[in-house]
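*Asks:* Sequence:
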Amino acid sequence: MRGIRTPADRDRGQIIVEFTGMVPIILVTLAAIWQLVLTGYTYTVAGHVADEGARGAAACEAAMRAAAPDGWEVGTGCGGGGDPDVFTATVAIKVPVLFPGALSFPFTVHGRAGAAREETP
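In the working numbering, the protein residues as written are 2 to 122.
Derived from the structure by calculation, the hints contain no laboratory data. It is possible that part of the hints are untrue.
What the hints assert, rightly or not - With beta-carbon atoms standing in for the labels, derived distance ranges:
1) ALA67 to VAL29: 35 to 41 Å
2) ARG13 to PRO107: 48 to 54 Å
3) LEU99 to ILE5: 48 to 54 Å
4) THR7 to PHE108: 55 to 61 Å
5) VAL18 to GLY78: 21 to 27 Å
6) THR21 to ARG66: 34 to 40 Å
7) ILE27 to ALA116: 43 to 49 Å
8) VAL24 to ARG66: 40 to 46 Å
9) ILE27 to ALA103: 54 to 60 Å
10) TYR44 to MET23: 29 to 35 Å
11) LEU28 to ALA116: 43 to 49 Å
12) ALA116 to TYR44: 58 to 64 Å
13) THR7 to GLN36: 42 to 48 Å
As the structure is a computational prediction, the values presented were derived from the model and not from experiment. Cβ atoms here follow ideal geometry from the backbone N, Cα and C, with glycine treated the same way.
Using the sequences and the accompanying hints, generate a full structural model.
*Replies:* Spelled out as structure tokens, the structure:
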């Protein structure tokens, strides 16, 4: 005689099956959220790097390279921007996939900043 089976006994093992099915969905969702955060942070980095380049007018390229975090693919440009009183710096940064330094998406984030030219006494 087997005895009386409760509903909990009939569902034994079901939690493991459901958990195994949900783990990939949870991991893909977390990776997608992380990628969105990383894309947003790339916009912040682009603005910061361009701002540092504009401030360091004379050494624009070096200032932008120093301000960029390691692992980001950075393209820089410096110039007058058409106004003799303003120094401009532009930067193009590729958005990394999941973490900087590995793969990058084929599109870039652009940042542009300007600073007033200052005469040295």
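*Asks:* Okay, which hints does this one fail, numbers in order?
*Replies:* 5, 6, 9, 12
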